[in-house]
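The whole structure should be built from the sequences, with the hints applied where relevant.
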Amino acid sequence: MSPFDTDIIRAKIAIIQDNLKALEPIKEMSRDEYLRDLYKRKATERLLQELIEAAIDINTQMVVGSGYAPPDDYYQSFIRAGELGFFSPSLAEKLAPSAGLRNRLVHEYDRIDHSIILKAVTMAEELYPEYVEEISAILSRQA
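Using our numbering, the first residue of the sequence shown is number 1, and each one after it goes up by one.
Everything labelled a hint here was simulated from the structure, so no lab data went into it. Everything numeric in this text was worked out from a predicted model, so none of it was measured. No incorrect hints appear here.
Below, in silico cross-link-like pairs of lysine-lysine (DSSO-like), each with a Cα-Cα straight-line distance of 30 Å or less:
| hint | residue 1 | residue 2 |
| --- | --- | --- |
| 1 | K119 | K94 |
| 2 | K94 | K42 |
| 3 | K40 | K94 |
| 4 | K42 | K27 |
| 5 | K27 | K94 |
| 6 | K119 | K21 |
| 7 | K119 | K40 |
| 8 | K42 | K119 |
| 9 | K94 | K21 |
| 10 | K21 | K40 |
| 11 | K42 | K21 |
| 12 | K27 | K119 |
| 13 | K40 | K27 |
Structural data, given as structure tokens:
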């Protein structure tokens, strides 16, 4: 039996993959097209939020499920999971700032900068498939 709930983690991976697929058309849009379409902007924000939250849930599930204390915050969930070898520490360093984007999206601390959102879509498309691959490899070894 694995130290963490692989069914929960697989369900969260599916969310990440589904949201990445849904974000694909956004990266093809020009900034002006994006800015003119309120529904695509709001959908993009929500898809990014869900994707990041799913990763945070995976990180926490794996860290705590392996017998370690919960991470102090969402940013640290990436760092700690990377330190424990669930994915590479360099990937953890690149993904951890997405926790801050998640907080801005959820709490609307300030007006959303659409340039940041568009850059986050590109980042998600580049980095989160690697994240999914590394987490999936861990799950395969657990099976």
